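Using the UniProt record's numbering, the first residue of the sequence shown is number 1, and each one after it goes up by one.
Watch out, some of these pointers could steer you wrong.
Quick list of in silico lysine to aspartate or glutamate cross-link-like pairs, DMTMM-like style, CA-CA up to 20 Å [said to hold, decoys possible]:
(1) 190 <-> 114
(2) 143 <-> 85
(3) 136 <-> 116
(4) 135 <-> 16
(5) 29 <-> 16
(6) 73 <-> 7
(7) 181 <-> 114
(8) 135 <-> 116
(9) 66 <-> 239
(10) 251 <-> 239
(11) 135 <-> 81
(12) 65 <-> 44
(13) 56 <-> 116
(14) 6 <-> 16
(15) 34 <-> 44
(16) 47 <-> 19
(17) 186 <-> 114
(18) 60 <-> 85
(19) 173 <-> 50
(20) 65 <-> 81
(21) 186 <-> 74
(22) 73 <-> 117
(23) 190 <-> 163
(24) 190 <-> 119
Simulated from the structure, these hints should not be mistaken for lab results. Computed from a predicted model, the values in this text were never measured in an experiment.
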Amino acid sequence: MPEDAKETVFLAYIQEMSETYSPSSLWTKWSMLKSMVNILEKRDTTKFNEVEAFLKRMSKDYKPKKSALLSPKDVIRFLKDAPNEIHLLHKVVLIMGYFGGCRSQELVNMKIADIDDRDSVIIVNVPESKTRTSKKFAVVDEKEFSTLPLLRRYMSLRPKGIERFFLSFRQNKCTSQPIGKNMFGKIPGKIAMYLGLPNPSSYTGHCLRHTSATALVNGGASMTKLKRHGGWRSSTAAEGYLEDSIELRNKTARMLSTLPSEDAGTSTVVNRRTNEEIVSSGGSHFQGIFQNCTFIISN
């Protein structure tokens, strides 16, 4: 088949998939398709410009839907009020997701050996994940709610001899069945449903990770600390939380609204060694040797 004919087939295939898949998913599928063509047919797919032009048009101005977030008050209320007989597993997932900023797959892979109970703190090791980097995080008790007793109670109900940390929880006890990624994706919606939040289905599997990162940003965390917490190697993903932080926008607005008045004084900058007289706007005289100094003279 000629190259132009094959590109036409690929373009029609991608256009059909665009009716059900987001642009980001289309790029992923196109990348997989190119890899298979390169391996099986040894064809150069870099010249398929029409397909990539179509994908770029689809991606323009596209904003992916983000999971709804739980507020710190939502987190506290669920941990304090939800009955353990029904929601103990959901509480433990919330604690791990909130304190660790964990992805769903990281929760799936978590093992009992990754949990280190040190009395006043529990240290959790997160093995290599999406970014091929491992990390650790700590879980501690706070004044508003106690997390460590919940974790210890769940661990005491787990059957011994099973490596995976998260197991199904029914009738106030754990079974031997490990929890899969799809189940983790449903837990934020169940938490939202218990709390009576609107549109519980909008709380997806990304909810806990986004909630954790947003709370950290609102608390004043730096970009470096945010990247370390989330395990991001690139700043692009982390910057999204800075842009979405309403608290940061409020802080910026408060800073701008409290700028000093122009009448408060006169600032004079001298960038050389000089011996001269400086006269302020208030008529005061200063004389001496100044070098690379900034003077702010208030009236």
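Results of checking the hints against the structure:
Taking the CA atoms of residue 190 and residue 114, the gap is about 26 Å. The hint is violated against a cut of 20 Å. Among the hinted pairs, residue 143 with residue 85 is inconsistent with the structure: their alpha-carbon atoms are about 23 Å apart, more than 20 Å. Proximity of residue 136 to residue 116 is assessed by CA-CA distance (about 11 Å); at most 20 Å being required, the pair is judged to hold. For the proposed pair residue 135 and residue 16, the alpha carbon gap of about 41 Å is over 20 Å, so the pair is violated.
For the given pair, residue 29 sits about 12 Å from residue 16 by alpha-carbon distance, which is consistent with the 20 Å threshold. Taken as a hint, the residue 73 and residue 7 pair is broken in the structure, with Cα atoms around 53 Å apart against an allowance of 20 Å. Between residue 181 and residue 114 the alpha-carbon distance is near 18 Å, which keeps this suggested pair within the 20 Å criterion. For the suggested pair residue 135 and residue 116, the alpha carbons sit about 14 Å apart, so the restraint of at most 20 Å is met.
Between residue 66 and residue 239 the CA atoms are separated by roughly 14 Å; this keeps the pair inside 20 Å, and the hint holds. This hinted pair checks out: residue 251 and residue 239 have alpha carbons roughly 17 Å apart, not beyond 20 Å. Under the criterion of a C-alpha separation no larger than 20 Å, the hint pairing residue 135 with residue 81 is inconsistent with the structure, at around 31 Å. About 34 Å separates the Cα atoms of residue 65 and residue 44, which puts this hinted pair outside 20 Å; it is violated.
Of the supplied pair hints, the one linking residue 56 and residue 116 is violated, its CA atoms being roughly 47 Å apart against a limit of 20 Å. The straight-line distance between the Cα atoms of residue 6 and residue 16 is roughly 16 Å, inside the 20 Å bound, and the hint therefore holds. In summary, the hint linking residue 34 to residue 44 is supported, as the alpha carbons are separated by about 9 Å, within the 20 Å threshold. Between the alpha carbons of residue 47 and residue 19 the distance comes to roughly 25 Å, so the proposed pair goes past 20 Å and is violated.
This hinted pair does not check out: residue 186 and residue 114 have alpha carbons roughly 24 Å apart, beyond 20 Å. In summary, the hint linking residue 60 to residue 85 is not supported, as the alpha carbons are separated by about 48 Å, beyond the 20 Å threshold. Simply put, residue 173 and residue 50 have alpha-carbon atoms about 56 Å apart, too far for the 20 Å limit, and the pair is violated. Taken as a hint, the residue 65 and residue 81 pair is broken in the structure, with Cα atoms around 30 Å apart against an allowance of 20 Å.
Taking the CA atoms of residue 186 and residue 74, the gap is near 17 Å; set against the 20 Å cutoff, the hint holds. At most 20 Å may separate the alpha-carbon atoms for a hinted pair to count; residue 73 and residue 117 exceed this at roughly 26 Å. The hinted pair formed by residue 190 and residue 163 fails the criterion: a straight-line CA distance of about 26 Å is larger than 20 Å. For the proposed pair residue 190 and residue 119, the alpha carbon gap of about 30 Å is over 20 Å, so the pair is violated.
Hint compliance for this structure: hints 1, 2, 4, 6, 11, 12, 13, 16, 17, 18, 19, 20, 22, 23 and 24 are broken, all remaining hints hold.
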